[in-house]
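Chains A and B supply the protein sequences, listed in that same order.
Take this note's numbering: the last position of the first sequence gets the number 406, and nothing is skipped along the way.
Take this note's numbering: the last position of the second sequence gets the number 149, and nothing is skipped along the way.
Any given hint could be a false lead.
Think about it this way: if two alpha-carbon atoms lie no more than 30 Å apart in a straight line, the pair counts; the simulated DSSO-like pairs of lysine-lysine are [said to hold, decoys possible]: (1) Lys-403/A with Lys-136/B; (2) Lys-403/A with Lys-7/A; (3) Lys-329/A with Lys-263/A; (4) Lys-403/A with Lys-56/B; (5) Lys-263/A with Lys-111/A; (6) Lys-81/B with Lys-403/A; (7) Lys-126/B with Lys-396/A; (8) Lys-71/A with Lys-323/A; (9) Lys-402/A with Lys-108/B; (10) Lys-22/A with Lys-126/B; (11) Lys-81/B with Lys-396/A; (12) Lys-22/A with Lys-396/A; (13) Lys-329/A with Lys-71/A; (14) Lys-402/A with Lys-7/A; (15) Lys-159/A with Lys-111/A; (16) Lys-111/B with Lys-126/B; (17) Lys-17/B with Lys-81/B; (18) Lys-315/A with Lys-396/A; (19) Lys-323/A with Lys-136/B; (20) Lys-136/B with Lys-111/B; (21) Lys-263/A with Lys-22/A; (22) Lys-268/A with Lys-323/A; (23) Lys-7/A with Lys-111/A; (24) Lys-159/A with Lys-184/A; (25) Lys-22/A with Lys-268/A; (26) Lys-323/A with Lys-402/A; (27) Lys-108/B with Lys-81/B; (28) Lys-323/A with Lys-108/B; (29) Lys-111/B with Lys-315/A; (30) Lys-111/B with Lys-402/A; (31) Lys-402/A with Lys-17/B.
These are calculated hints, taken from the structure and not from any lab test.
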Amino acid sequence: MTIDFDKLRGEFPLLKETTRGKPLIYLDNSATNQKPQVVIDALNHYYCHDNANIHRGVYELSERATREFEKARVEIQTFINAAHSHEIIFVRGATEGINLVAQSYGRSQLKADDEIIISTMEHHSNIVPWQMLTEQVGAKLRVIPISDSGEIDIDDYKKLFNARTKMVAIAHASNALGTINPIKEMAAIAHEHGVPILVDGAQAFPHMPVDVQDLDCDFYVFSSHKAYGPTGIGVLYGKEKLLEKMPPYQGGGDMIESVSFTKTTYNKLPFKFEAGTPDIAGVIGFGVAVKYLKAIGMQNIAAHEQDLLVYGTQKLSAIPGLKIIGTAKQKVGVISFVLEGVHPHDIGTILDDEGVAIRAGHHCAMPVMERYHIPATVRASFGLYNTNADIDALVKGIMAVKKVFA
Amino acid sequence: MSALRELYQQVIVDHSKQPRNFGALDAANHSKEGFNPLCGDRLTVYILEQAGSIAKIQFVGCGCAISVASASLMTEVLTGKSQAEVNEIFNDFHQLVTLGHDAVLEEKLGKLAVLAGVAEFPARVKCATLAWHTLKAALADDAHTVSTE
């Protein structure tokens, strides 16, 4: 099936905006992406027609809200091929998913001197929750190095395992470099040592097919807002047997079976981990976003974004003085770069004046910047609605930057 | 002149490429490191204070054109100034880069007035003021690294 991506672009109302008097060229999809009309309509429809609290009302309206909410859970379950819908836990985003696992699984299972393996290319959200855990239980972080191209050498990873290794937490794709990590292989190695693996899928989930059973990861987290869905909602996928033995993360309504002042018993999965009224509209909107992605086909999206990556890499590398940071063989549509003699922030401001929105900074991955001895990079990241013309506009903008600093 | 062209006017680009008074100052009796965690800009300001005024001021570090140019211009303008004069210039400068063009302030601030255009770019105000906050902390002998956050 051939997909007309130009036509799809028309389904994203925000892309018709102008900025600084110029048509918006949006190339900051790793930070968040724009929403198709169907997702915006779903939020509107929910508040106009279905709004009620879920899992408790005896009236028809509450049943309708609950049905739509739970339909989204199943939509997401089948999309990532989870074995059960109760393995899909709704959280605020990938960050909260990692914090949940660190605090619930980590705090109940890890002891002093136990070790957690992460990598140099992690986003702060997959470093800090583990660091907090190490401080709480006296465990240690072990960090997989990365090569100049931004890749993990599997032998380096294997060498970090020992009898004290209790957890592996790794990005499926790097937000700062674009590198796609060999998760299936890394999960198999972790399992040989009897260690569970958490995968931060925030940068991979919107850009490629994800099958959690095929990857055989124990936990997989992702955010809705990076996948064309609403902000404030995300998913923690966990294998049933691990989730079952984990204590609740937060206490409150919906997560209990019965409460008295002497004893509280907890609800079953997934509700045990969903205390309080969730972002119901957000979940429903995310379900619609996933349905939208499914209709286009993740293989098609991946192929389209690979074309953009190839074109962008070729165009940008041809600019004298420009150096791409992160040249792994397997990448998502992320191009991080530095330009000789010009600071990324200045590039960001001048590109903004051309209507081009990119990210300039350390991308919440300060250890990555340290690894390459740079303070910051400029990052262009692609989504399904981007075109070669967007990349041409970026290149034209960089020429304007060079002119200012000539 | 467009806001962007004003921001990156020749004087600023020139100071960013060839910062004045750049380098560590061994004779300094005050020094301080400043850091902008959002963009990674990091610089150290060195001051030789003699009889209550700034006899010499230098800096090292890396940052965007705005932060380096602002630091460079700051070293030029503050050399020979007393503490009281430094405080007054600091306050005037801060007002100029946050509120924008003001004929009276620009007259008072002289060559620093080239940074008035920063006010049009709220995200860049921290770049223009990093060296200044660092200088203030250095003079106060504040023990902590200055952070814009």
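A quick look at each hint next to the structure:
Taking the CA atoms of Lys-403/A and Lys-136/B, the gap is about 35 Å. The hint is violated against a cut of 30 Å. Taking the CA atoms of Lys-403/A and Lys-7/A, the gap is about 35 Å. The hint is violated against a cut of 30 Å. Pair hint Lys-329/A plus Lys-263/A does not hold up; C-alpha atoms about 55 Å apart against a cutoff of 30 Å. In summary, the hint linking Lys-403/A to Lys-56/B is not supported, as the alpha carbons are separated by about 35 Å, beyond the 30 Å threshold.
For the given pair, Lys-263/A sits about 27 Å from Lys-111/A by alpha-carbon distance, which is consistent with the 30 Å threshold. A distance of roughly 37 Å separates the Cα atoms of Lys-81/B and Lys-403/A; the hinted pair therefore is violated under the 30 Å criterion. The suggested pairing of Lys-126/B with Lys-396/A holds, with an alpha-carbon distance near 28 Å, which does not exceed 30 Å. A threshold of 30 Å between alpha carbons decides the hint, and for Lys-71/A with Lys-323/A the separation of about 46 Å lies outside it, so the pair is violated.
For the proposed pair Lys-402/A and Lys-108/B, the alpha carbon gap of about 33 Å is over 30 Å, so the pair is violated. For a cut-off of 30 Å, the pair hint linking Lys-22/A to Lys-126/B stands: about 26 Å separates their Cα positions. Using a Cα cut-off of 30 Å, the hinted pair Lys-81/B and Lys-396/A is violated, with the two alpha carbons roughly 45 Å apart. At most 30 Å may separate the alpha-carbon atoms for a hinted pair to count; Lys-22/A and Lys-396/A meet this at roughly 13 Å.
The hinted pair formed by Lys-329/A and Lys-71/A fails the criterion: a straight-line CA distance of about 38 Å is larger than 30 Å. Between Lys-402/A and Lys-7/A, the direct Cα distance comes to roughly 34 Å. Violation of the 30 Å bound is thereby established for this hinted pair. The hinted pair formed by Lys-159/A and Lys-111/A meets the criterion: a straight-line CA distance of about 21 Å does not exceed 30 Å. Taking the CA atoms of Lys-111/B and Lys-126/B, the gap is near 19 Å; set against the 30 Å cutoff, the hint holds.
Using a Cα cut-off of 30 Å, the hinted pair Lys-17/B and Lys-81/B holds, with the two alpha carbons roughly 25 Å apart. Taking the CA atoms of Lys-315/A and Lys-396/A, the gap is about 11 Å. The hint holds against a cut of 30 Å. For the hint pairing Lys-323/A with Lys-136/B, the CA-to-CA distance comes to about 37 Å; that exceeds 30 Å, so the pair is violated. Between Lys-136/B and Lys-111/B the alpha-carbon distance is near 20 Å, which keeps this suggested pair within the 30 Å criterion.
Distance check on the hinted pair: Lys-263/A and Lys-22/A sit about 62 Å apart at the alpha-carbon level, beyond 30 Å; violated. Under the criterion of a C-alpha separation no larger than 30 Å, the hint pairing Lys-268/A with Lys-323/A is inconsistent with the structure, at around 52 Å. For the hint pairing Lys-7/A with Lys-111/A, the CA-to-CA distance comes to about 54 Å; that exceeds 30 Å, so the pair is violated. For the proposed pair Lys-159/A and Lys-184/A, the alpha carbon gap of about 18 Å is at most 30 Å, so the pair holds.
With a CA separation close to 52 Å, the supplied pair Lys-22/A and Lys-268/A exceeds the 30 Å bound. Of the pairs offered as hints, the one joining Lys-323/A and Lys-402/A holds, with about 14 Å between alpha carbons and a cut-off of 30 Å not exceeded. At roughly 14 Å between alpha-carbon atoms, Lys-108/B and Lys-81/B fall within 30 Å of each other, so this suggested pair holds. Pair hint Lys-323/A plus Lys-108/B does not hold up; C-alpha atoms about 43 Å apart against a cutoff of 30 Å.
At roughly 40 Å between alpha-carbon atoms, Lys-111/B and Lys-315/A are farther apart than 30 Å, so this suggested pair is violated. Proposed proximity of Lys-111/B and Lys-402/A is supported: the alpha carbons are some 25 Å apart, at most 30 Å. Using a Cα cut-off of 30 Å, the hinted pair Lys-402/A and Lys-17/B holds, with the two alpha carbons roughly 13 Å apart.
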